[in-house]
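Chain residues, written in single-letter form:
There are 2 protein chains.
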Amino acid sequence: MNKQWRLKKRPVAGPSEDCFELVEADIPELEPGKALIKTWYLGVAPVMLRYMQNETDFESALGLGDLMLGRGVGQVVASDCPTLPVGALVQARIGWQEYALIDDQQVPAPFILRHGDLPASHGLSSLGPSGFTALIGLREIGQLKPNDAILVSGAAGGVGSQAAQVAKALGAKRVVGIAGGPTKCAELINSMGYDAAIDYQSEDVPASIDAHFPEGIDLFFDNVGGVLLDDVLARIRRRARIVICGSISEYLLPPSERHRFANLQNLGRQDARMEAFFIFDYLENHREYSDCLADFIREGLLTPVEHLSEGIETLPGALCDLYRGNNIGVRIVRVASEADTHV
Amino acid sequence: MNKQWRLKKRPVAGPSEDCFELVEADIPELEPGKALIKTWYLGVAPVMLRYMQNETDFESALGLGDLMLGRGVGQVVASDCPTLPVGALVQARIGWQEYALIDDQQVPAPFILRHGDLPASHGLSSLGPSGFTALIGLREIGQLKPNDAILVSGAAGGVGSQAAQVAKALGAKRVVGIAGGPTKCAELINSMGYDAAIDYQSEDVPASIDAHFPEGIDLFFDNVGGVLLDDVLARIRRRARIVICGSISEYLLPPSERHRFANLQNLGRQDARMEAFFIFDYLENHREYSDCLADFIREGLLTPVEHLSEGIETLPGALCDLYRGNNIGVRIVRVASEADTHV
Numbered sequence: 051m052n053k054q055w056r057l058k059k060r061p062v063a064g065p066s067e068d069c070f071e072l073v074e075a076d077i078p079e080l081e082p083g084k085a086l087i088k089t090w091y092l093g094v095a096p097v098m099l100r101y102m103q104n105e106t107d108f109e110s111a112l113g114l115g116d117l118m119l120g121r122g123v124g125q126v127v128a129s130d131c132p133t134l135p136v137g138a139l140v141q142a143r144i145g146w147q148e149y150a151l152i153d154d155q156q157v158p159a160p161f162i163l164r165h166g167d168l169p170a171s172h173g174l175s176s177l178g179p180s181g182f183t184a185l186i187g188l189r190e191i192g193q194l195k196p197n198d199a200i201l202v203s204g205a206a207g208g209v210g211s212q213a214a215q216v217a218k219a220l221g222a223k224r225v226v227g228i229a230g231g232p233t234k235c236a237e238l239i240n241s242m243g244y245d246a247a248i249d250y251q252s253e254d255v256p257a258s259i260d261a262h263f264p265e266g267i268d269l270f271f272d273n274v275g276g277v278l279l280d281d282v283l284a285r286i287r288r289r290a291r292i293v294i295c296g297s298i299s300e301y302l303l304p305p306s307e308r309h310r311f312a313n314l315q316n317l318g319r320q321d322a323r324m325e326a327f328f329i330f331d332y333l334e335n336h337r338e339y340s341d342c343l344a345d346f347i348r349e350g351l352l353t354p355v356e357h358l359s360e361g362i363e364t365l366p367g368a369l370c371d372l373y374r375g376n377n378i379g380v381r382i383v384r385v386a387s388e389a390d391t392h393v
Numbered sequence: 051m052n053k054q055w056r057l058k059k060r061p062v063a064g065p066s067e068d069c070f071e072l073v074e075a076d077i078p079e080l081e082p083g084k085a086l087i088k089t090w091y092l093g094v095a096p097v098m099l100r101y102m103q104n105e106t107d108f109e110s111a112l113g114l115g116d117l118m119l120g121r122g123v124g125q126v127v128a129s130d131c132p133t134l135p136v137g138a139l140v141q142a143r144i145g146w147q148e149y150a151l152i153d154d155q156q157v158p159a160p161f162i163l164r165h166g167d168l169p170a171s172h173g174l175s176s177l178g179p180s181g182f183t184a185l186i187g188l189r190e191i192g193q194l195k196p197n198d199a200i201l202v203s204g205a206a207g208g209v210g211s212q213a214a215q216v217a218k219a220l221g222a223k224r225v226v227g228i229a230g231g232p233t234k235c236a237e238l239i240n241s242m243g244y245d246a247a248i249d250y251q252s253e254d255v256p257a258s259i260d261a262h263f264p265e266g267i268d269l270f271f272d273n274v275g276g277v278l279l280d281d282v283l284a285r286i287r288r289r290a291r292i293v294i295c296g297s298i299s300e301y302l303l304p305p306s307e308r309h310r311f312a313n314l315q316n317l318g319r320q321d322a323r324m325e326a327f328f329i330f331d332y333l334e335n336h337r338e339y340s341d342c343l344a345d346f347i348r349e350g351l352l353t354p355v356e357h358l359s360e361g362i363e364t365l366p367g368a369l370c371d372l373y374r375g376n377n378i379g380v381r382i383v384r385v386a387s388e389a390d391t392h393v
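Quick mapping for you: the protein sequence lines, in order, are chains B and V.
The opening residue of the first sequence carries number 51 in this note's numbering; numbering runs sequentially from there.
The opening residue of the second sequence carries number 51 in this note's numbering; numbering runs sequentially from there.
If you're looking for bench data, these hints aren't it; they were derived computationally from the structure.
Just so we're clear, the structure is a prediction, and the values are computed from it rather than from any experiment.
We put the beta carbon where it would ideally sit given N, CA and C, even for glycine.
Check each hint, because a few of them may be wrong.
Claimed, not checked - A few chain V positions that, by computed beta-carbon distances, are all more than 10 Å from chain B: (1) ASN52; (2) ARG164; (3) ALA246; (4) ASP281; (5) GLY296; (6) SER297; (7) GLU300; (8) LEU317; (9) GLU325; (10) CYS370; (11) ALA386.
To be verified - Taking CB as the label site, the calculated pair distances span: (12) ASP331/B - SER387/V: 51 to 61 Å; (13) GLU307/V - ARG164/B: 53 to 63 Å; (14) ILE239/V - GLU338/B: 46 to 56 Å; (15) GLU338/B - SER387/V: 51 to 61 Å; (16) ASP331/B - SER359/V: 41 to 51 Å.
Make a model of the complete structure from these sequences and hints.
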């Protein structure tokens with residue numbers, strides 16, 4: 051059988067587990083030109099709330115009763131697609147299910163994980179969307195320079211847990227992270243490469259930013275948005291770059307309740323730049339990104355912080371955790387493993 | 051004698067003519083390594099209000115009693131500087147005066163106008179800051195593409211009057227401009243290369259934008275900021291680019307009265323970019339920009355709209371006009387002319 055999570059209802063005030071329904075479908079039959087994937091890992095990310103609300107135009111429409119969208123890592127167990135041969139480990143739009151029939155015409159395209167010396171789960175962390183997001187965000191969008199004064203919000207999350215390590219690997223001298231609570235803040239420094247942490251639950255954030263950045267901020271890698279972004283806008287230096295990776299503080303709010311920005315004019319005054327991005331717009335270079343990140347891992351510059359839970363049943367809870375603020379690292383669900391897969 | 055405008059008092063609610071005082075100083079003596087310039091033209095621009103408030107860190111500090119800052123075009127009438135030979139026409143930080151002693155160590159550096167077949171006044175319009183701003187803003191910052199849906203605000207102003215023409219010369223198919231009043235809107239279409247005009251004084255601007263851009267905006271070249279920028283933020287397409295050239299609606303307001311942006315989150319949702327810039331950060335390529343714009347003029351693709359007034363006495367009024375909203379084209383003051391200059 052092929053267990054699948056389908057969308058049962060739209061979220062109201064954030065994702066909740068009862069938005070999803072677990073069903074058992076048949077394992078799909080192989081079709082001409084396609085490959086049958088057995089899912090090993092599935093990832094969750096804040097953006098999935100927007101899938102559930104069907105408000106993105108860069109993802110397939112998601113109707114009620116549809117298979118929940120999401121990327122995963124799996125192994126090809128049967129194939130009539132030359133570019134997806136049996137045995138290959140691929141990262142693809144699998145959806146929340148144990149088996150998927152895919153082809154190489156998916157947009158964004160599936161890609162084969164080419165670093166067999168590294169754990170397959172890394173295909174959803176450092177060698178997958180969150181690692182690519184950190185690298186593209188800091189290097190291509192943020193145009194990171196070694197002497198930049200760098201601040202990262204959502205620093206203990208999937209992308210944030212890699213941002214300081216990737217920034218250092220790219221030459222940055224100092225990176226400060228913002229996260230909520232002493233546990234996360236300790237992890238920032240102990241396992242995620244940050245030089246200092248700001249605890250937004252217990253500190254006066256603007257005052258702490260001023261203390262850490264007396265001359266202002268050159269590069270802000272933002273996962274949070276809202277008031278925090280506004281506070282940073284007031285503290286940017288000339289030609290600063292604000293990389294909009296996410297705005298988790300805003301996704302749950304109706305438009306009328308979203309923050310109204312008081313300091314946006316400072317972007318103009320500082321000749322600064324603010325830019326959001328979608329990694330799948332940059333994937334013509336995915337091999338180079340993947341090789342670069344794999345090298346960082348092998349050189350000990352990047353240690354993915356993966357928070358694994360076991361079994362496809364744990365997927366809705368994993369996604370809800372992201373919005374409960376109690377997630378550390380890249381949240382991944384193990385659906386099956388090498389031991390379960392007989393090609 | 052050397053007439054000079056000096057800053058007498060700081061502006062309160064915008065620039066006013068009584069902020070300046072006209073004095074007569076001596077013509078400076080030539081000094082080693084320097085060149086004596088006789089001023090032909092001086093330009094005014096909205097940013098000068100920020101000089102008067104002494105709130106920029108990219109310009110020299112401007113104290114009360116100091117010579118007013120500003121760029122101009124003049125001819126070298128005496129020189130001990132090999133790169134600024136007698137007879138050369140230069141664009142430089144002359145300040146509001148009839149004669150200036152400069153050297154080639156000024157930052158940003160003076161540059162020699164190399165297109166002697168074109169009027170010297172163009173060195174303050176299309177071959178000077180406003181032309182460079184249009185070209186750099188649309189090409190380097192805006193990454194203009196031929197099929198972009200392009201909107202320009204402040205479209206009848208110094209930069210705006212060139213933006214549509216430069217955009218077309220770069221391949222754009224359609225450009226819409228926003229300006230105030232029927233005279234300006236007629237000029238947009240008749241002499242500035244716009245395909246359509248939105249009159250913010252008589253139209254419901256958001257509704258007009260929706261009518262002209264049913265699929266949203268790809269490239270917004272903004273000289274206005276504030277509410278208009280917020281309205282456009284709500285109407286951008288995926289991967290839109292917002293080029294912040296100026297924010298004239300905000301310069302006069304104290305921070306507490308500036309617009310608070312409701313739609314900034316849409317930048318993230320659309321994977322879009324907003325960027326401000328200062329042309330003098332891009333001047334390593336000034337020869338290429340200058341040659342490109344001169345070619346546009348010669349090919350009939352760009353006709354500078356210059357609004358000339360006669361005599362150094364008209365400078366304060368020219369600057370105030372920019373804030374009275376009754377300026378069309380590039381505002382330039384003729385201080386002297388070829389006929390008055392005997393090298």
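Of the numbered hints stated earlier in the document, which are not met by this structure?
5, 6, 7, 8 and 9
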